[in-house]
Amino acid sequence: MPDPIHSPTAPTKHTHPARSLATLAAGPLAALAVYVMFAPGEADADPISPQARATLAAAAWMAVWWIAEAIPLQATALLPLVLFPLAGIATLDAAAAPYARPEIFFFMGGMMLAAAMEHAGLPQRFAVVLLRLAGNSPARIIAALMTATALLSMWVNNTSTTVMMLPIALSVVRILADRQNALSPIQARHFALAATLGIAYAATIGGVGSLFGTAPNIILQATIRTNYNYHLSFAEYAAVGVPVMLILLPAAWVLLTRVVFRVPSSLGPGHAVLDDRLLETTPLSRHEKIVLGVFLLAATLWIFNTPVNRALESLMGRPRPLPEAGVAVLVVLLLFLIPVDLKERRFALSWKTASSIQWGVLVLLGGGFSLAAALRANGVSDQIAALFSQLHGLHPFLIILAAAACVTMVSEVVSNTAVASTFLPIAAAVSIPGLHPFALLFPVAIAASNAFMLPMATPPNALAYATGHPTTRDMRRAGVLLNLTAILTVSTYCTFIAPLVTTFPTLDHPAPEVPPRSVLE
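Start counting the sequence shown at 19; every next residue gets the next number (the numbering used here).
Don't read these hints as lab results, they were simulated from the structure. Ideal placement from N, C-alpha and C gives every residue a C-beta, glycine not left out. Treat the hints loosely; a few may be bogus.
In silico SDA-like links for lysine to any residue, alpha-carbon gap of 20 Å or less [unchecked claim]:
(1) Lys307 <-> Leu319
(2) Lys307 <-> His137
(3) Lys307 <-> Ala317
(4) Lys307 <-> Val147
(5) Lys370 <-> Leu319
(6) Lys307 <-> Ile193
(7) Lys307 <-> Pro339
(8) Lys361 <-> Glu306
(9) Lys370 <-> Val358
(10) Lys370 <-> Val147
(11) Lys370 <-> Leu355
Okay, the calculated beta carbon distance ranges per label pair [unchecked claim]:
(12) Gly397 <-> Thr524: 20 to 30 Å
(13) Leu416 <-> Gly335: 45 to 55 Å
(14) Ile204 <-> Asn154: 41 to 51 Å
(15) Leu99 <-> Pro523: 30 to 40 Å
(16) Leu50 <-> Leu99: 18 to 28 Å
(17) Pro523 <-> Ala420: 20 to 30 Å
(18) Pro58 <-> Met334: 44 to 54 Å
(19) Val147 <-> Leu506: 27 to 37 Å
(20) Leu99 <-> Leu47: 45 to 55 Å
(21) Pro451 <-> Pro337: 27 to 37 Å
(22) Pro523 <-> Leu412: 23 to 33 Å
(23) Leu110 <-> Leu518: 39 to 49 Å
(24) Ser189 <-> Trp377: 29 to 39 Å
(25) Thr524 <-> Ala420: 35 to 45 Å
Just need the whole structure built from these sequences, with the hints factored in.
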């Protein structure tokens with residue numbers, strides 16, 4: 019039986035030196051090709067500006083290096099700090115400013131809060147509570163594991179959630195394997211496959227449910243702020259993200275336990291899956307109580323951020339004195355200040371724990387924000403919108419469906435953060451009469467995360483593959499069905515259902531003139 023994960027890693031990529039040189043050269047060559055391609059001709063009535071040409075060239079360079087992973091993704095994200103001043107695209111100050119946008123601190127604070135929760139052991143305790151409710155049905159146990167993973171992944175990094183939950187799933191797999199005659203060999207294998215892949219898929223799906231659940235959601239918020247001067251609140255995102263999550267999670271469970279891998283609903287008489295050792299818990303410690311209390315405070319301030327800020331505005335006379343990013347930093351500071359043991363100078367969060375977050379993701383976000391700001395400032399967004407003017411004759415649902423499918427396919431082989439950084443500014447530039455911008459931007463952002471087919475598509479997929487249970491064939495069988503389900507779900511929801519249950523706001527240019535309560539005219 020495959021060993022449980024001790025130090026899970028993604029499958030290693032072995033790249034031939036010649037290929038490495040080719041991918042390195044492809045970036046600047048793509049930039050040169052784009053710069054020459056958009057050179058103004060004598061017949062051009064409205065030639066593209068030199069700054070816009072240079073911005074497009076830089077975007078092509080970054081996109082190629084992100085897709086090919088010629089160098090680390092985070093290193094590519096630093097290119098604007100060098101290319102933009104040299105090419106006259108932006109000053110260094112302007113290029114560097116997006117690396118410190120409020121969204122960066124929102125994501126940083128969220129990751130530090132999640133690190134404090136992990137250090138206190140709250141996620142494992144939550145998972146055990148759900149396992150107790152599941153009883154001894156293998157199918158229900160997988161449902162409990164997936165539910166716990168998805169709910170945790172709304173607040174904790176997808177990768178960290180998977181690392182925490184996979185050992186629990188593997189413990190159940192081992193217990194079932196040790197129970198003679200509880201399951202047939204094929205049933206035991208199907209349970210192991212559904213459990214490991216279920217956790218990976220649930221981590222990805224859960225990340226869609228909250229604004230800082232995954233990086234593309236933060237990029238969505240920044241894209242909307244940059245292009246429409248509108249602040250997408252935590253609650254406004256959840257109005258779309260949570261329903262999509264609630265649809266995809268049961269769909270994934272059905273596909274894994276009823277369609278692709280047949281998992282029994284019950285065991286033979288006299289058999290139990292879970293033993294007391296696995297479900298054993300102790301009373302909440304002071305550390306756990308503090309972190310849980312701060313987490314509940316953060317969740318409350320994020321969910322009710324708009325009414326909280328209205329109350330503060332009336333008292334202080336300043337607009338939005340406590341935005342989501344401010345809440346994130348506030349709760350982290352509280353964790354640094356609240357003592358667990360004052361005599362030993364132990365606090366709810368130490369810098370050692372806080373500094374364990376994935377800092378590279380913040381750099382990657384900053385690079386995407388800097389590129390998006392340059393595209394907007396130099397008029398490239400208007401050029402892109404003109405290129406897509408021929409889509410006006412298509413039904414909006416077909417446009418959304420095609421965009422979601424394209425982004426999902428690319429995300430199978432490219433980092434979801436890089437995909438979102440590349441495609442969301444393009445989607446924001448597309449103005450379709452009768453189509454609210456959110457109806458296109460939300461599916462693109464969500465599709466950037468929904469890659470379920472390949473081991474290297476997402477870190478959770480790679481971690482599930484590293485357990486040794488699912489093969490690439492197993493992942494393709496389950497993943498292609500879930501990919502199709504996700505594409506149809508997000509496209510259908512954002513086109514037809516969202517306008518019935520939520521309110522999309524009226525936006526500034528380049529948004530089309532549509533009533534605020536409608537996606538389609």
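Next item on the list: Please name the hints from earlier in the document that this structure breaks, with their numbers sorted from lowest to highest.
Entry: 5, 6, 7, 10, 14, 20, 25
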